[in-house]
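**Q** The primary structure of each chain is shown beneath.
2 protein chains.
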Amino acid sequence: MEYKKEIQRLLIDLKTNYLSSVSIDLVIFGFHDGQLKVLLLRWKGTDNWCLPGGRIRHEENLEAAAYRSLQGRTGLSEIFLQQFHTFGDVIRYKNFSVEETMAMLDLPIEVSKEIISRDVSVGYYALVEFANVTPTPDFFTEECRWWDVDQIPLLLFDHNDMITFALKTLRRQLSYQPIGYSLLPDKFTMPDLQQLYETILGQTLDRRNFQKRMLGYGILERLDERKTGGAHKAPYLYRFDTEKYEKALKDEILFVG
Amino acid sequence: MEYKKEIQRLLIDLKTNYLSSVSIDLVIFGFHDGQLKVLLLRWKGTDNWCLPGGRIRHEENLEAAAYRSLQGRTGLSEIFLQQFHTFGDVIRYKNFSVEETMAMLDLPIEVSKEIISRDVSVGYYALVEFANVTPTPDFFTEECRWWDVDQIPLLLFDHNDMITFALKTLRRQLSYQPIGYSLLPDKFTMPDLQQLYETILGQTLDRRNFQKRMLGYGILERLDERKTGGAHKAPYLYRFDTEKYEKALKDEILFVG
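Going line by line, the protein sequences match chains A and B.
Under our numbering, the first residue of the first sequence carries the number 1, and numbering increases by one thereafter.
Under our numbering, the first residue of the second sequence carries the number 1, and numbering increases by one thereafter.
Keep in mind that the hints are not guaranteed to be accurate.
Identical copies go unnamed one by one, so any copy, or any two together, can satisfy a pair.
Listed next, the in silico SDA-like pairs over lysine to any residue satisfying Cα-Cα at most 25 Å (straight line) [claimed, not checked]:
| # | residue 1 | residue 2 |
| --- | --- | --- |
| 1 | Lys250 | Asp150 |
| 2 | Lys187 | Asn61 |
| 3 | Lys15 | Tyr197 |
| 4 | Lys94 | Lys250 |
| 5 | Lys4 | Glu114 |
| 6 | Lys247 | Asp150 |
| 7 | Lys37 | Asp251 |
| 8 | Lys15 | Glu78 |
| 9 | Lys168 | Tyr197 |
| 10 | Lys94 | Gln194 |
| 11 | Lys247 | Phe210 |
Simulated from the structure, these hints should not be mistaken for lab results.
Keep in mind that this is a model prediction, so the values were computed, not measured.
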C-alpha cells in the first residue's frame with residue numbers, strides 16, 4: 001500500500017516537474033588493483049539489472065541533473081562525471097521487447113509506460129577507485145553491485161550498448177588526457193600506473209615505451225624514494241605534479257607533431 | 001500572407017510530429033587550402049547568424065534526424081556527421097536575452113516562443129572540403145555563408161559555445177583517428193597533409209616529427225612519383241591505404257605504449 005502510494009506520487013512528480021523525451025544514464029566504472037568493474041542496479045523485486053539513471057527538472061541544467069541522479073540513485077557524490085554520448089534510437093529495447101521490459105520492471109502499468117516512453121538519453125561516465133565508494137540502493141533498487149566489465153549480464157533497455165560506448169570513450173581518453181590522479185595512491189610506481197592503463201585498455205603494454213611516453217607528458221615527479229619491501233631492485237616512487245597534471249587535463253595532450 | 005500561412009503550418013507540424021524538449025545543432029567545418037571555416041545561416045529578414053539545426057520526429061532515430069536537418073536546412077548530404085556534445089543548460093541565451101532573441105528571429109510571437117522554449121540540444125559536427133559543397137538556404141534562411149573560425153560573429157543562442165566545443169573535439173580527434181581522406185586530393189604530399197593538421201590545430205608543427213608520426217600510423221602509401229612543377233627537390237606523393245585507413249578510423253589510434 002505504502003509502495004503503491006509512493007509510486008503514484010513519483011509518477012505525478014515525473015509528469016509535472018521533469019522534461020519529457022530526455023533522460024540521463026550513468027556508467028560508473030570502478031577500478032581497483034587490476035580490475036575494471038561497472039556499477040549496476042538490480043530493479044526492485046526482480047532479477048533484472050540496469051544502469052543508474054534519471055531525468056531533468058524543468059529548472060535544472062543537464063549536468064546538475066546528472067549529479068543529482070547519481071546521488072539519488074546510488075548515494076554517490078564527489079565523482080567527476082563526463083558526458084560521452086546521447087542515445088536516441090526510436091527503439092532502445094535491444095535485449096528485451098517492450099512487453100518483456102514492462103513485465104521486468106514489475107511496476108503498475110501506467111508507471112512502466114512512463115518509464116519506457118521514447119526518450120533521448122544523455123550518457124555520462126566516470127571512473128572511480130571502487131574501494132573508496134559505497135553505493136546505496138534507492139527506492140527502485142534492490143541492490144547495487146560492481147560487475148566485472150567482461151561479465152555484464154543482459155541489461156534492460158540499451159544499457160549494454162551504453163557500457164560498450166562508455167568504455168570505448170574511456171579508452172580513447174587515454175590518448176589525449178592523463179588519468180590516475182584519484183585512482184592511485186599519492187605515491188605510486190611506474191608498474192602501478194602501467195597496470196591502471198592496461199586494465200582500462202584490456203591489453204598489455206610494452207614497459208619501456210609506456211615509461212617513455214608517461215615521462216614525456218611531463219606530469220610525473222620522480223621521488224628520491226623506492227618502493228620498500230620489494231625485491232632487490234625496488235622501483236622508484238612517483239607522484240603527479242598536480243599543476244602540470246591539471247594543465248594537461250585541460251589542454252589535452254593533443255597531436256604534437 | 002503566404003509566409004504567415006506557411007509559418008502557421010510549420011508551427012502545427014512542430015507541435016504534432018516532433019519530440020518536445022530535444023533539438024539538434026550542426027557545426028559544419030569547411031577546410032580548403034589552409035583555411036578552416038564554419039557554415040552559418042543568416043536568419044530570414046534579419047542580420048542575425050546561427051548554426052543550422054533541427055528537431056526529431058517521433059518515429060525517427062536521432063542520427064537520422066541530424067542528417068534530415070542538415071539536408072533540410074542547407075541542402076547538403078553525403079557528409080559524415082559525428083555527435084560531439086549535448087547542450088542542456090536551462091539558459092542557452094548567452095549572447096542575447098530571451099527578449100532580444102525573440103525580436104531577432106523576426107517571427108510571430110507564438111513561433112519564436114516555440115523555437116526558444118527550453119531544449120536539450122544534441123550537437124553534431126562534420127569536416128568537409130568546402131570547395132566541394134554548395135549549401136542552399138531553406139525557408140527560414142536568407143543566406144548560407146562560410147565564416148572563418150577566427151571571425152565568427154555573435155550568434156543566436158549558445159551557438160558560439162557550440163562551435164568552440166566542436167572545434168575542441170575535432171582537434172582531439174586528431175590524437176586518436178586519421179583524418180584527410182575526403183579533404184585532400186587522391187595523391188598529396190606530406191606538406192599538404194601537414195597543412196591540413198596545422199589548419200585544424202591552429203598551430204605549426206615540426207616537419208620531421210609530423211612525418212615520423214604519420215608514417216608510424218601505417219596508413220600512407222608512398223608513390224614512386226614526385227610532385228611535378230615544383231622545385232628541384234620535389235616532394236614525394238602519397239595516398240591513403242584505404243583499408244588500413246578504415247581500420248585505423250574504426251580501431252582508433254589508441255594509447256600504444
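**Q** So which hints don't hold here, by number, going up?
**A** The structure breaks hints 2, 3, 8 and 10; every other hint is satisfied.
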